[in-house]
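S.K.: Sequence:
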Amino acid sequence: KQWYQRRVRGSGNIPAGTVVDREITHPIFFDFYLNSHAGIQGTNRACHYTVLWDDSNMSPDMIQLLTFFLCHTYSRCTRSVSYPAPTYYAHLLCARARTLVNGMVDARGNRLDWFKGSPDIAAIEQRISVERHSVFRDIAYFV
142 KQWYQRRVRG SGNIPAGTVV DREITHPIFF DFYLNSHAGI QGTNRACHYT VLWDDSNMSP
202 DMIQLLTFFL CHTYSRCTRS VSYPAPTYYA HLLCARARTL VNGMVDARGN RLDWFKGSPD
262 IAAIEQRISV ERHSVFRDIA YFV
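For what it's worth, this note's numbering labels the leading residue of the sequence shown as 142, then goes sequentially.
Bear in mind the hints are in silico, worked out from the structure with no lab data behind them.
Please note that a few of the clues may not be correct.
Label-pair ranges, simulated between beta-carbon atoms [what the hints assert, rightly or not]:
1) 197 - 166: 16 to 24 Å
2) 239 - 180: 45 to 53 Å
3) 195 - 219: 28 to 36 Å
4) 153 - 199: 27 to 35 Å
5) 153 - 196: 34 to 42 Å
6) 238 - 216: 35 to 43 Å
7) 168 - 234: 32 to 40 Å
Here the structure is a predicted model, which is why all the values come from computation and not from measurement.
For every residue, glycine included, the Cβ atom is placed at its ideal position computed from N, Cα and C.
Please model the complete structure; the sequences and the hints are all you need to start from.
M.R.: As structure tokens, then:
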């Protein structure tokens with residue numbers, strides 16, 4: 142299957158939008174490979190997707206197409222990316238949360254000195270809760 146028909150000349154890569162959902166996939170589970178981006182340099186690597194739970198009643202083709210379209214919604218790139226944008230945003234958000242928990246900076250980028258010594262989970266949760274309500278009330282938070 143291929144939704145995007147433009148051929149990439151000279152790179153030798155498969156075109157963006159190429160889906161493989163037969164022959165090399167699991168015989169029982171719903172999984173597929175999707176090459177969602179054109180190779181700019183080097184060799185493309187298709188992502189492997191496994192549907193763990195599906196209560197949307199969408200056809201496999203529609204799930205694959207939705208996955209392909211979500212690869213075009215990443216705001217930090219003008220081209221399609223290798224996997225869906227929500228996963229990029231989740232990765233960025235987890236990196237931000239890690240710096241908050243480690244006590245390096247708050248949401249505005251100011252250095253914090255409240256986390257010293259052994260981690261006290263209750264103190265960390267309380268501190269993040271206070272910062273979330275006080276900081277995000279006045280500013281927009283971009284990932």
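S.K.: Within 28 to 36 Å: is that where the Cβ-Cβ distance between residue 195 and residue 219 falls?
M.R.: 31 Å, holds
S.K.: Does 27 to 35 Å hold as the CB distance between residue 153 and residue 199, or does it fail?
M.R.: 33 Å, holds
S.K.: Taking the beta carbons of residue 239 and residue 180, is their distance inside 45 to 53 Å?
M.R.: 31 Å Cβ-Cβ, so the 45 to 53 Å window is violated.
S.K.: If you check the beta carbons of residue 197 and residue 166, does the distance land in 16 to 24 Å?
M.R.: Taking Cβ atoms as reference, residue 197 and residue 166 lie about 20 Å apart, which means the hint holds.
S.K.: Measuring from beta carbon to beta carbon, are residue 238 and residue 216 in 35 to 43 Å?
M.R.: Once the Cβ atoms are compared, 20 Å apart, the range 35 to 43 Å for residue 216 and residue 238 is violated.
S.K.: Check the following: the C-beta atoms of residue 153 and residue 196 are separated by a distance inside 34 to 42 Å.
M.R.: 40 Å, holds
S.K.: Honestly, do residue 168 and residue 234 meet the 32 to 40 Å range at C-beta?
M.R.: 36 Å, holds
Hint compliance for this structure: hints 2 and 6 are broken, all remaining hints hold.
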